[in-house]
Amino acid sequence: MGKIRVATLGGGEEKEQRRRADARRQTKKSKKEKVEGLGLHGGERVAVVEGTDIKPEFKKLVAEVEEGEKQEARSDKKKTKKAKERSRRYKEVARLVDRTKLYPLAEAISLVKKTSLTKFDGTVELHVNLNPASLGDTKGDFRGSVSLPHGTGKEVKVVIADDAVLGAIESGKIDFDVLVAHPSMMPRLAKLARILGPKGLMPNPKTGTVGENPERLALSLSKGQINFKAEPGNPIVHLGVGKISFEDKKLMENIEAILSAIGRGKIARATLAPTMGPGVKVAIS
1 MGKIRVATLG GGEEKEQRRR ADARRQTKKS KKEKVEGLGL HGGERVAVVE
51 GTDIKPEFKK LVAEVEEGEK QEARSDKKKT KKAKERSRRY KEVARLVDRT
101 KLYPLAEAIS LVKKTSLTKF DGTVELHVNL NPASLGDTKG DFRGSVSLPH
151 GTGKEVKVVI ADDAVLGAIE SGKIDFDVLV AHPSMMPRLA KLARILGPKG
201 LMPNPKTGTV GENPERLALS LSKGQINFKA EPGNPIVHLG VGKISFEDKK
251 LMENIEAILS AIGRGKIARA TLAPTMGPGV KVAIS
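Using my numbering, you'd call the opening residue of the sequence shown number 1 and step up by one each time.
Please note: incorrect hints may appear among the correct ones.
Said to hold, decoys possible - Derived lysine-lysine pairs resembling DSBU-like cross-links, with alpha carbons at most 30 Å apart:
1. Lys-199 x Lys-223
2. Lys-223 x Lys-113
3. Lys-154 x Lys-113
No lab work stands behind these hints: they were computed from the structure.
Make the full structure from the sequences, and use the hints.
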């Protein structure tokens with residue numbers, strides 16, 4: 001015996017059923033033109049084939065479903081960012097730093113060493129925010145180089161571009177940190193720009209890696225000369241100034257050399273930080 005469905009005449013449910021029944025009948029009338037994907041369940045898509053003649057009620061139904069899909073797609077794109085949860089140890093050492101205070105350089109170095117969280121010999125980093133008004137024409141391409149009196153603590157392998165080095169690069173072998181070249185080698189190096197460029201290894205006169213005496217350039221770079229460059233569209237310079245294990249005096253002399261090379265008048269603020277640990281704001285005199 002079949003089931004009997006009872007519906008109140010004129011009720012909202014009956015109207016909805018009629019509306020959906022009309023929509024189903026409309027699809028059967030379409031012979032060559034048809035409506036595809038008429039599934040109104042979650043995740044299904046409604047697509048009306050161009051040229052299909054459908055009733056206004058069905059058009060409205062399709063529009064409602066499509067609008068729902070758009071809203072769902074927009075909500076998927078919105079990713080809620082969770083606040084970064086700091087470790088208990090980080091919170092403990094962060095209490096040692098007054099975030100509103102500008103520390104003298106000697107005191108800042110001492111604090112950075114105390115608040116370093118790494119078990120290995122981490123790097124001491126210097127982050128310099130530049131004053132855009134002081135940069136003039138170099139605002140979009142502020143860069144320079146400086147020789148650190150005590151190096152960075154990292155061994156740097158510098159090679160000079162020659163036939164053997166270029167051949168190794170072409171074969172995919174890159175075992176150096178810095179590449180320097182004589183100007184006469186630049187046309188040949190240009191063919192390797194797609195390999196060297198993304199790695200930041202392409203020689204450039206602006207970074208002090210192209211010159212008439214590449215041997216002297218290589219010696220300077222291996223002894224602690226570093227290049228710096230502001231972020232594109234953002235006047236900030238990031239540099240490693242030494243290791244946590246360095247004596248305070250050596251770190252101070254390295255930092256002083258960098259500040260002088262950048263130009264103290266161009267500096268808006270500077271922050272010293274360990275590889276892992278809170279930043280310490282430095283007073284620039």
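Hint by hint, here is what the structure shows:
1. Lys-199 x Lys-223: holds, 22 Å
2. Lys-223 x Lys-113: Status holds; Cα separation ~24 Å.
3. Lys-154 x Lys-113: holds, 18 Å
Going through the hint list in order, the structure satisfies each hint without exception.
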